[in-house]
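Listed below, chain by chain, are the residues.
2 protein chains.
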Amino acid sequence: MRERWLKIAEASKPQLYRRVTLPLRAVEGASRPDPRQNWEMLDKGPARTVCDRTWRGGESFILDFGVHTVGYIEFDLLSEGIADAPVRLHLVFGEIAAEVCEAFDPYSGQMSRAWLQDEIVTVDVLPHRVALPRRYAFRYLKITVASDSAAFSVRFGDFLCHSVSSANPASVEPLPAGVPEDLRAMDEVSLRTLANCMHTVFEDGPKRDRRLWIDLAICAPVNHTTFRQFDLTKRCLYLFAATSSQEGIVPACVFEVPQPHAGNDFILDYTAHFAVTLLEYAETSGDWQTANDLWPLAWRQLEMLQSHLDERGLFADPGNWWIFVDWEPRLHKETAMQGVILRGLQAAVTLAEKLHDPDRAASLKPIIETMKKAAREFLFCREKQVFVSGPDRQISWASEVWMVLGRVVEGKQAAQLLRTVMAMPDAIKPVNPGLYHLTLEALWMCGLEKEGIELLRSYWGGMIARGATTFWEIHDPERPLLSPYGNHLVNSYCHTWGCSPAWFIRDLVRRDYWKGKSPHKLEGSFEGSHEINTRKSS
Amino acid sequence: MRERWLKIAEASKPQLYRRVTLPLRAVEGASRPDPRQNWEMLDKGPARTVCDRTWRGGESFILDFGVHTVGYIEFDLLSEGIADAPVRLHLVFGEIAAEVCEAFDPYSGQMSRAWLQDEIVTVDVLPHRVALPRRYAFRYLKITVASDSAAFSVRFGDFLCHSVSSANPASVEPLPAGVPEDLRAMDEVSLRTLANCMHTVFEDGPKRDRRLWIDLAICAPVNHTTFRQFDLTKRCLYLFAATSSQEGIVPACVFEVPQPHAGNDFILDYTAHFAVTLLEYAETSGDWQTANDLWPLAWRQLEMLQSHLDERGLFADPGNWWIFVDWEPRLHKETAMQGVILRGLQAAVTLAEKLHDPDRAASLKPIIETMKKAAREFLFCREKQVFVSGPDRQISWASEVWMVLGRVVEGKQAAQLLRTVMAMPDAIKPVNPGLYHLTLEALWMCGLEKEGIELLRSYWGGMIARGATTFWEIHDPERPLLSPYGNHLVNSYCHTWGCSPAWFIRDLVRRDYWKGKSPHKLEGSFEGSHEINTRKSS
Numbered sequence: 208m209r210e211r212w213l214k215i216a217e218a219s220k221p222q223l224y225r226r227v228t229l230p231l232r233a234v235e236g237a238s239r240p241d242p243r244q245n246w247e248m249l250d251k252g253p254a255r256t257v258c259d260r261t262w263r264g265g266e267s268f269i270l271d272f273g274v275h276t277v278g279y280i281e282f283d284l285l286s287e288g289i290a291d292a293p294v295r296l297h298l299v300f301g302e303i304a305a306e307v308c309e310a311f312d313p314y315s316g317q318m319s320r321a322w323l324q325d326e327i328v329t330v331d332v333l334p335h336r337v338a339l340p341r342r343y344a345f346r347y348l349k350i351t352v353a354s355d356s357a358a359f360s361v362r363f364g365d366f367l368c369h370s371v372s373s374a375n376p377a378s379v380e381p382l383p384a385g386v387p388e389d390l391r392a393m394d395e396v397s398l399r400t401l402a403n404c405m406h407t408v409f410e411d412g413p414k415r416d417r418r419l420w421i422d423l424a425i426c427a428p429v430n431h432t433t434f435r436q437f438d439l440t441k442r443c444l445y446l447f448a449a450t451s452s453q454e455g456i457v458p459a460c461v462f463e464v465p466q467p468h469a470g471n472d473f474i475l476d477y478t479a480h481f482a483v484t485l486l487e488y489a490e491t492s493g494d495w496q497t498a499n500d501l502w503p504l505a506w507r508q509l510e511m512l513q514s515h516l517d518e519r520g521l522f523a524d525p526g527n528w529w530i531f532v533d534w535e536p537r538l539h540k541e542t543a544m545q546g547v548i549l550r551g552l553q554a555a556v557t558l559a560e561k562l563h564d565p566d567r568a569a570s571l572k573p574i575i576e577t578m579k580k581a582a583r584e585f586l587f588c589r590e591k592q593v594f595v596s597g598p599d600r601q602i603s604w605a606s607e608v609w610m611v612l613g614r615v616v617e618g619k620q621a622a623q624l625l626r627t628v629m630a631m632p633d634a635i636k637p638v639n640p641g642l643y644h645l646t647l648e649a650l651w652m653c654g655l656e657k658e659g660i661e662l663l664r665s666y667w668g669g670m671i672a673r674g675a676t677t678f679w680e681i682h683d684p685e686r687p688l689l690s691p692y693g694n695h696l697v698n699s700y701c702h703t704w705g706c707s708p709a710w711f712i713r714d715l716v717r718r719d720y721w722k723g724k725s726p727h728k729l730e731g732s733f734e735g736s737h738e739i740n741t742r743k744s745s
Numbered sequence: 208m209r210e211r212w213l214k215i216a217e218a219s220k221p222q223l224y225r226r227v228t229l230p231l232r233a234v235e236g237a238s239r240p241d242p243r244q245n246w247e248m249l250d251k252g253p254a255r256t257v258c259d260r261t262w263r264g265g266e267s268f269i270l271d272f273g274v275h276t277v278g279y280i281e282f283d284l285l286s287e288g289i290a291d292a293p294v295r296l297h298l299v300f301g302e303i304a305a306e307v308c309e310a311f312d313p314y315s316g317q318m319s320r321a322w323l324q325d326e327i328v329t330v331d332v333l334p335h336r337v338a339l340p341r342r343y344a345f346r347y348l349k350i351t352v353a354s355d356s357a358a359f360s361v362r363f364g365d366f367l368c369h370s371v372s373s374a375n376p377a378s379v380e381p382l383p384a385g386v387p388e389d390l391r392a393m394d395e396v397s398l399r400t401l402a403n404c405m406h407t408v409f410e411d412g413p414k415r416d417r418r419l420w421i422d423l424a425i426c427a428p429v430n431h432t433t434f435r436q437f438d439l440t441k442r443c444l445y446l447f448a449a450t451s452s453q454e455g456i457v458p459a460c461v462f463e464v465p466q467p468h469a470g471n472d473f474i475l476d477y478t479a480h481f482a483v484t485l486l487e488y489a490e491t492s493g494d495w496q497t498a499n500d501l502w503p504l505a506w507r508q509l510e511m512l513q514s515h516l517d518e519r520g521l522f523a524d525p526g527n528w529w530i531f532v533d534w535e536p537r538l539h540k541e542t543a544m545q546g547v548i549l550r551g552l553q554a555a556v557t558l559a560e561k562l563h564d565p566d567r568a569a570s571l572k573p574i575i576e577t578m579k580k581a582a583r584e585f586l587f588c589r590e591k592q593v594f595v596s597g598p599d600r601q602i603s604w605a606s607e608v609w610m611v612l613g614r615v616v617e618g619k620q621a622a623q624l625l626r627t628v629m630a631m632p633d634a635i636k637p638v639n640p641g642l643y644h645l646t647l648e649a650l651w652m653c654g655l656e657k658e659g660i661e662l663l664r665s666y667w668g669g670m671i672a673r674g675a676t677t678f679w680e681i682h683d684p685e686r687p688l689l690s691p692y693g694n695h696l697v698n699s700y701c702h703t704w705g706c707s708p709a710w711f712i713r714d715l716v717r718r719d720y721w722k723g724k725s726p727h728k729l730e731g732s733f734e735g736s737h738e739i740n741t742r743k744s745s
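Here the protein sequences come in this chain order: A and B.
Just so you know, our numbering puts the end of the first sequence at 745, numbered straight through with nothing missing.
Just so you know, our numbering puts the end of the second sequence at 745, numbered straight through with nothing missing.
Derived by calculation from the structure, the hints in this document are not laboratory data.
Predicted model, so just to flag it, every value in this text is computed and none were measured.
Warning: the hint list may mix true and false statements.
Computed from the model, here is a short list of chain A residues facing chain B with C-beta under 8 Å [what the hints assert, rightly or not]:
#1 Ala-292
#2 Val-294
#3 Arg-295
#4 Ser-315
#5 Met-318
#6 Ala-321
#7 Glu-326
#8 Arg-341
#9 Ala-358
#10 Ser-360
#11 His-431
#12 Thr-432
#13 Phe-473
Think of the CB as a built atom: it goes at the ideal place given N, C-alpha and C, for glycine as much as any other residue.
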């Protein structure tokens, strides 16, 4: 079975599109108190100015490729004077300015130092076309000449990046007139984020965690309404299936090489997402054959999840699983998990019905009802009019969002719930775009598109205002240097789960949301722009 | 003309022999006051012990390949546990222990930092066969694991080096019985030094100054009596010819790639060596066609040199040339230069006679006589019974050696001169093996083989006693960390001009020097041995 799944995964591997990306500007970092991780990039002229002069040991420059890209870099290294020694270069690639403006070492992050993208390159003979074999995710490239000889200086030329992605931009339907400019720009950043994560799997981030994670649930629908690269999603679903454990549980992440294999991590909430993703894939692609093939596996996840319900029908943390939900360390997750399982079970009911498995569909319905009832009875705080989690009755966006996504409450009641928690200053807010995405989904479900657009503008727009040209793994507007790994430089600044806005914007287009509205009357806006925000240095 | 010469040079390019070299031991550096540049290598067991265990971030090991080698390194990098991140390695290659035991940075040498052999290698996916594209000259390889992940440790396997040289060891006649053991060992180190410098040119050093220098005059004769790779010498002679200046002067060094071109340096004494090398090559190879072809060029060098003689026939420093002779900064070089030119002119006379150019031969003879007479009249100090140089009447080995090589004095008189200067504690001694080689040549010329053997044992044997498995660019027994470049780590520890002993030892064999002498009765010995001098660490 696993071997057959693996073959299907291999057969569905998409081709990579290559295009050449050129550096646009030479820039220089200037230290600033936030808003951009403490650095502003001052414009030093067109990128070619770097090639118009010679460089000596100890000197350095930074090239700005304008926007985030993923690919393979090449450049000429020449000598002025007779090159009588090799040349040693230090290259640093940065998704954001801080990575090329701050020293990587000494490094104290908990993630491997090897994720930070820098190289020492020694070139024995000049002139030479330097073509680095590794792939980098970056907007900025800093080069320091790390050796010197009295006999010559070096000259650089013809920088280019062979950018790669399995996303074909030609497949994307352009946004129609009427979509506000700021959301248009946000759509572009969303698409870039997704494309830069799309390779032979959805890589969680092309810089860090260059592998498939089951956040697939977030990015696959965006793909399906934009690049429509269905083979990639199919491949990913089959990779999870082929690497599932002996007990039939899908891993949280999958490595592709040397041969596909599961990572160490199994994450409880992620197992519930498998059915949701499978259903969404089948509905948008029409490929019900894959849904049928993987349905027993989706079922197996939910069987396992049900074993963690207590006699009342409430999720009880078994204590031996990683439950993710969000990176926020204070978050209590049991109420959210109730919603996570409910959403998975309800997707399973739809799958069962579509796949003509009425017995399984019927068997789930009473469990779903019990779980919803238990949630309303035991998790709702009448006094505060919100769902709470844990013995401290913690209030968080995560709990309310998952109660809505799990359809414990619906319609006006759900809308009221979300309005209430979002107005509570002490409610624990999300820190990662993944949970913000789910918040948007919940707002959408109860007709709060206006609030959703505000959230797009404040949260994703906030990243753009801070210089993002792709959306980040982590963004907490109040803690700009926040990292779950003890070092903001090792955060990923192009992360699949950040790509959501394109889906919501396009859903509004589909529903003619802007028809009749003046395109110039924005319902709010965000500071800054997605354009390279640089100014001439004095 | 130059194009034709270039074609001949290309046609004479020798093939490179490849062989696999394996690491022998794992070692660890222990700080010691000299005699080995302050480091002793403690034995930590067979090299495979490094592969028998796993390694974490921050840990390091040193492999000892037993002897100096030049080539391309390969090894396996594996993971124990699931490799969830790239692995960053820091590799340092050392010709001597100090290079892997001392930090390269901060670097303060005058030569380019890029000559020091270290690399940062990041491996994205494990397992991986790491095969570094650059060539290294080394005995020791230190690897530090420079990144860490909680999920896995790394394992190394199957280290090997593809060693390369254009010297074919099978061409070397083995030394007969009767040659003392220590000189046999010294011969082996000589041959290794030469072979490790022999590639598609005689590289000055395979680590630093990886290019042809006109020290060719020293290493070519050793090649001709051992590996007999005549094509290589021919190629080098033609490369000098093809890259000579518009004025017809041969450069001091030649770069092979991207196309052969001269270095910046022209060294006055080196121009005189061209005729000497050409003659020696023709005599040993029998290739008088090449001699005939390049004779006008050799002649041009000597014409130019004669223009620097004053009316008395004495060399006068024109001030605008680099005159090398030795790295010793205190050395006054005019007297030595008198001998340098005389040797060149006398080689030219022989060349002219062999090549049937009697007019030129005849024209040189009176000049040679004048120069010799002037030397005896103006450069000899009757009181001290030695030649002196400069207004301070400096006494040096260099001056006396060159007076002998230039045949200003001969026979017993010459022997007396050399004995006298070598017994003078204040006479300026050589610091580089090149000048020691010339000293040996001078001793040989006046029958002082016994003193020559003593010098072999004290000077070249002194390097072996300090751990050398190839002979060094610089060796001053009294100043073990001496460097002309401000940093002993950037010195070359395998340098063509160090390879002389093999020639002298084989010349003694040819002359039956050891016939009848007991092989066990050494005429002196040197401390230590060429074997890996390690001991078990406590």
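A quick look at each hint next to the structure:
no.	hint	in the structure
1	Ala-292	holds (4 Å)
2	Val-294	holds (6 Å)
3	Arg-295	holds (4 Å)
4	Ser-315	violated (12 Å)
5	Met-318	holds (7 Å)
6	Ala-321	holds (4 Å)
7	Glu-326	holds (7 Å)
8	Arg-341	holds (6 Å)
9	Ala-358	holds (6 Å)
10	Ser-360	violated (12 Å)
11	His-431	violated (28 Å)
12	Thr-432	violated (31 Å)
13	Phe-473	violated (12 Å)
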